[in-house]
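Undergrad: Residue strings, one per chain:
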Amino acid sequence: MRAASQAPVVSVEDLVFSRGTVSILERASLEVFPGDFIGLIGANGSGKTTLLEILLGLLQPQSGRVTVLGTTPQLARPQVGYVPQWLRFDPDFPITVEEVIMMGRLGKAPKLGPFRKEDHLRAEEAMRKVDVLDLRRRPVGRLSGGQRQRVLIARALVNDPELLLLDEPTANVDSRMETGIYELLHSLRTETTIILVSHDVGFITSHANRVACLNKRIACHPTADLTGEMIQDLYSGPVEMIKHECRLCEEEKCSD
Amino acid sequence: MTEFFQALASHAFLQNAVVCSLLASIACGVIGTYVVVKRITFISGGISHTVLGGMGIAYFLGGSPMVGAVIAALVAAVIIGLVTLRAKQHEDTLIGALWAVGMAIGLLFIAKTPGYSVNLQSYLFGNILMVSRREVYFLLGLDLVIIAVAITFYKGFLGVCFDEQFCRLQGVKVDALYLLLLCLIALTVVILVQVVGIVLVIALLTLPAAVAGQWSGSLKQMMRTACALCAVVSLAGLAVSYPYNLPAGATIVLFAGAGYLVSTLLQLLLRRT
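Protein sequences, first through last, are from chains H and A. For the first sequence, this note's numbering assigns the number 415 to the initial residue and increments by one for each residue that follows. For the second sequence, this note's numbering assigns the number 2 to the initial residue and increments by one for each residue that follows.
These are computed hints drawn from the structure, not numbers from a lab. Treat the hints loosely; a few may be bogus.
Computed list of lysine to aspartate or glutamate pairs in EDC-like fashion (alpha-carbon distance at most 20 Å, straight line) [unchecked claim]: (1) H/Lys522 - A/Asp176; (2) A/Lys221 - H/Asp506; (3) H/Lys522 - A/Asp93; (4) H/Lys525 - A/Glu165.
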């Protein structure tokens, strides 16, 4: 049981959001506590990315209450790391791994002139953590999908965030690289609270401690309680559930 | 070619042209790189064509066409920037409108200016051989402003070009940086108008940077390569056009176009092998 005194990292209450006449979120509620690894799943268009953008303060809900780290999403931003989908970027953009990661320090570095030594040291530490230090001078366009995703994770980690938000980090990544990214996220679980948007229910059930099923509303379950029927309802179609090796079982944190 | 170098040693107008080409190459390499990676060529085209409006009004009022060009380019940059940021859906129409209206204003004011009519062709297609020493100093000043701002805000510009949304999350003043970048493009356009004229500015602003982008792994490397390429095509264009009495601006742009074609074909070949 969670200690009653423990303040939530994210608190979403009765959130309503629509684009024009299309309703995206309808009285969605969610609480995320320190150390949680939440897997956010749902069909395409169910509002997963919208919810992340509200948590980042990029979108304003029509009604409802959102707090992140006890304050507004905008004020919480310096303590939040965000990993977008790589597909948003131009693969031919001439930028090195180190330059992408240094971007994570833009909010802390002086507004004018170059980065300070401290910014470079922080970036180096983040590169070491996600194992891309030897790629630092390489253009990101020449990296594999998995390596690029690691670079974006390093950029999000460069300020030691208290909350890490990831938007489908394994989309368009081959299965071998995917495993590497999952291992990396699993290792970060002890350092920060994680909310991961993914369609990979297999990974989520074996690594996340709770699953938030989003379909305009949010139904949050302990991972072990997730059933094939629930997922079938969520995606509105037949699904086949394959049980992966459960990392939570290995660490005796699973009630399955 | 020998004829060009002999003339260069003795003619001040040719020396001015060479210095003007080199100054333009610096601004062109640095700012052209941002135009290419941010994919705002059409915006730059809009800015460059409004320049004629400013030049025409200045000419009509008896002022310096260069000053008119600077004011018109900066006004166009701010208008286009604000519309892009606040009402993206109207961006295309507005750029098209500024493009044509700017030219129309310029033509009307030039037509109605009393006295000798100005050689319109030199505004539209450039006449680098007519650049005076005073204009060279003016271009040097513009160049210094562009370089100082580009160095000071380098990391912000890089961030805004690569990932605007992430920069917003970091608390970076994305809108202000974007407007500043458009203003630098405006100043660069004014410099390049002296070399190749209003109509051909876009080619010189984008082609050397596009070639550099095909062979560079970082923005800084792309800028250095683009500056060098711009200097090479400008000087080659001058050197070839002078003895054959060809229009310098058009010759320079043809060199830039040929360079882009060769570079793209090489890239395609390398990707196949």
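Undergrad: Would the hint linking H/Lys525 and A/Glu165 be met if the CA-CA limit is 20 Å?
TA: At roughly 16 Å apart (the allowed maximum being 20 Å), A/Glu165 and H/Lys525 satisfy the hint.
Undergrad: Does the structure keep H/Lys522 and A/Asp93 at a Cα separation of 20 Å or less?
TA: This hinted pair is violated, its Cα atoms lying about 36 Å apart.
Undergrad: Compare the distance between the alpha carbons of A/Lys221 and H/Asp506 with 20 Å, and conclude whether the hinted pair is satisfied.
TA: Given pair A/Lys221, H/Asp506 holds - Cα atoms ~15 Å apart, limit 20 Å.
Undergrad: Does the alpha-carbon distance linking H/Lys522 and A/Asp176 stay inside the 20 Å limit?
TA: Answer holds: H/Lys522 to A/Asp176 is near 19 Å, not above 20 Å.
Comparing the model with each numbered hint stated earlier shows that hint 3 is the single one that does not hold.
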